[in-house]
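The primary structure of each chain is shown beneath.
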Amino acid sequence: MSEEKRKILEMLADKKISVDEAERLLAAVSEPPEGGAATAGARGPKYLRVLVEPAPGDPDGDRVNVRVPLNLVRAGLKFASFIPAQVRDKVNSELKEKGVPFDMNHFNPQDVEALLVHLNDLTVEVDGKEKVRVFCE
Amino acid sequence: MIPLWLWIRVEEPGKKRFAMPVPLFLVWLLLGALLLLLLPLVLLCGLLLWPWGWGKPLLQMYFHVFGLIGALSGLTLDIGRSEQGKITRIVMK
Chain A
1 MSEEKRKILE
11 MLADKKISVD
21 EAERLLAAVS
31 EPPEGGAATA
41 GARGPKYLRV
51 LVEPAPGDPD
61 GDRVNVRVPL
71 NLVRAGLKFA
81 SFIPAQVRDK
91 VNSELKEKGV
101 PFDMNHFNPQ
111 DVEALLVHLN
121 DLTVEVDGKE
131 KVRVFCE
Chain B
1001 MIPLWLWIRV
1011 EEPGKKRFAM
1021 PVPLFLVWLL
1031 LGALLLLLLP
1041 LVLLCGLLLW
1051 PWGWGKPLLQ
1061 MYFHVFGLIG
1071 ALSGLTLDIG
1081 RSEQGKITRI
1091 VMK
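Chains as they are written, first to last, in my numbering: chain A, 1 to 137; chain B, 1001 to 1093.
Bear in mind the hints are in silico, worked out from the structure with no lab data behind them. The structure presented is a predicted model; accordingly, all values stated were derived computationally and were not measured. Even glycine gets a Cβ: it sits at the ideal position worked out from N, Cα and C. Treat the hints with care, as some may be off.
What the hints assert, rightly or not - Interface residues of chain B toward chain A, partial, derived using beta-carbon atoms under 10 Å:
| # | residue |
| --- | --- |
| 1 | Gly1032 |
| 2 | Ala1033 |
| 3 | Leu1037 |
| 4 | Gln1060 |
| 5 | Leu1072 |
| 6 | Gly1074 |
| 7 | Ile1087 |
Stated by the list, open to error - Only pairs whose alpha carbons sit at most 27 Å apart, straight line, appear in this in silico DSSO-like list of lysine-lysine:
| # | chain 1 | residue 1 | chain 2 | residue 2 |
| --- | --- | --- | --- | --- |
| 8 | A | Lys78 | B | Lys1056 |
| 9 | B | Lys1086 | A | Lys131 |
| 10 | A | Lys7 | B | Lys1015 |
| 11 | A | Lys90 | B | Lys1056 |
| 12 | B | Lys1016 | B | Lys1093 |
| 13 | A | Lys16 | B | Lys1015 |
| 14 | A | Lys5 | B | Lys1056 |
| 15 | B | Lys1016 | B | Lys1086 |
| 16 | A | Lys5 | A | Lys16 |
| 17 | A | Lys131 | A | Lys46 |
| 18 | A | Lys98 | A | Lys78 |
| 19 | B | Lys1093 | A | Lys78 |
| 20 | A | Lys5 | B | Lys1086 |
| 21 | A | Lys96 | A | Lys78 |
| 22 | A | Lys16 | A | Lys131 |
Excised from the complex, chain B in its bound form (with noise of 0.2 Å):
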């Protein structure tokens, strides 16, 4: 499942709790009209550059970045100072 949403969440002790989200869908639809719009390039680009090798790999790239992006839910990064206490999380879910 492709992750629509990042949250941004900064807690610090002694303040109020602070996130924000961010739509990834957009994101993702924008990304996703772009990856159409760059297909008949890229096909076009693989069969010219077959002989040499780089075809196959250069397609294989192209449709596994929709993988990619589907293996992104759940990555959380916690960043935080050990002495202010202070912790910024980004969750992609």
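Here chain A stands alone, though its shape is the one from the complex (with noise of 0.2 Å):
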């Protein structure tokens, strides 16, 4: 085991940091240097990762850790490319009657794949209370 690990774990026992920042930590020292972002290495990205951290103080908020495998994102989306041509028609006419401008015929797995590799980290804080990080790894 490697220094580096050694530390991180030590850290952990003594709670001094979270579990997921230890995981972070790990991952990220077992990423070669120039590996570059955490995102995506020289085989690309393989998870999905979605952090809710509650707002510091919140009693009741709950924080939330989901890693997704990228193969399973790409799954589902497929199923999407798979519904006949008069159904999206319908499924589009739905979505304009609720506010949402999403055309299913223009519907391209292949740019949802592009956005999920160029992915590197988002945040979004909801109401100035829940954080929402989005990132791939």
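Join the two chains, each given in its own frame, into one complex according to the hints.
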């Protein structure tokens, strides 16, 4: 075990860092120096991470950490491409009624693939309360 | 690689960590048997619905279910209350 990993595990044991922070630090020290951003190594990102952190001092806040394999995201998106054309028109009209300007006919899984690959780190603060972080690793 | 186990772990400060494995491979066996039984019906429905444009999507979706199951490996879900420090982790591997 490398010295950095040992130090990270010692900090986790001493409760100086949380499990999530330890996981990210371990992932960071496992990457090669010229790996660049933590999002994509030479083989590309493998997981989509969604972290929800409650506002500080919020006793009812839920902490959520989801790790979704990108293959699962791609497989799920493929289902959308199986929708027949006549159903897509119905879906488009329903979306328009709800005020969502999204056209299923122009939906391209390759565009979403490109978005996932280039997704570095996205943090969204919801109403000054929770923080939502979305990134690929 | 399809996930063979589903691990449910509950960690709470001051308490012993609880872990329970769920044998997913048994679920896949049952699901596989069910999908095999449904295959002739799906093929028949696909042929009958082909003129209306539903046949091909139906067949594609049926075979795509296997790919979806295989992509589940590595799915991790952590849920915890910040104040209580209790974390429930569900992992498919």
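Evaluated hints:
1. With a cut of 10 Å, the hint placing B/Gly1032 at the interface with chain A is violated, because the nearest CB-to-CB distance is about 17 Å.
2. A hinted interface residue such as B/Ala1033 counts as satisfied when its beta carbon comes closer than 10 Å to some beta carbon of chain A; here the least separation is about 22 Å, so the hint is violated.
3. A distance limit of 10 Å between C-beta atoms decides the matter here; for B/Leu1037 the minimum to chain A is near 22 Å, and the interface restraint is violated.
4. Nearest Cβ of chain A to the Cβ of B/Gln1060: about 5 Å, under the 10 Å cut. The hint holds.
5. Of the supplied interface hints, the one on B/Leu1072 holds, with its beta-carbon coming within about 6 Å of a beta-carbon of chain A, less than 10 Å.
6. Restraint check, B/Gly1074 versus chain A: the minimum CB separation of about 4 Å is within 10 Å; hint holds.
7. Hint on B/Ile1087 holds. Least Cβ distance to chain A is approximately 7 Å, under the 10 Å limit.
8. The hinted pair formed by A/Lys78 and B/Lys1056 meets the criterion: a straight-line CA distance of about 14 Å does not exceed 27 Å.
9. Distance hint between B/Lys1086 and A/Lys131 is fulfilled; the C-alpha atoms sit about 19 Å from each other, no more than 27 Å.
10. Only pairs whose Cα atoms come within 27 Å are accepted, and A/Lys7 paired with B/Lys1015 is accepted, the gap being roughly 25 Å.
11. Taking the CA atoms of A/Lys90 and B/Lys1056, the gap is near 19 Å; set against the 27 Å cutoff, the hint holds.
12. Distance check on the hinted pair: B/Lys1016 and B/Lys1093 sit about 23 Å apart at the alpha-carbon level, within 27 Å; holds.
13. Note on A/Lys16 and B/Lys1015: the hinted pairing holds, with a Cα-Cα distance of about 19 Å set against a maximum of 27 Å.
14. Straight-line distance between C-alpha atoms of A/Lys5 and B/Lys1056 comes to about 51 Å, which puts the hinted pair past the 27 Å bound.
15. The straight-line distance between the Cα atoms of B/Lys1016 and B/Lys1086 is roughly 11 Å, inside the 27 Å bound, and the hint therefore holds.
16. This hinted pair checks out: A/Lys5 and A/Lys16 have alpha carbons roughly 14 Å apart, not beyond 27 Å.
17. Restraint check for A/Lys131 and A/Lys46: satisfied, since their Cα atoms lie roughly 23 Å apart, inside the 27 Å limit.
18. Taking the CA atoms of A/Lys98 and A/Lys78, the gap is near 24 Å; set against the 27 Å cutoff, the hint holds.
19. Between B/Lys1093 and A/Lys78 the CA atoms are separated by roughly 23 Å; this keeps the pair inside 27 Å, and the hint holds.
20. Taken as a hint, the A/Lys5 and B/Lys1086 pair is honoured in the structure, with Cα atoms around 25 Å apart against an allowance of 27 Å.
21. Only pairs whose Cα atoms come within 27 Å are accepted, and A/Lys96 paired with A/Lys78 is accepted, the gap being roughly 23 Å.
22. Straight-line distance between C-alpha atoms of A/Lys16 and A/Lys131 comes to about 21 Å, which keeps the hinted pair within the 27 Å bound.
Checked against the numbered hints given earlier, this structure breaks hints 1, 2, 3 and 14; the rest are met.
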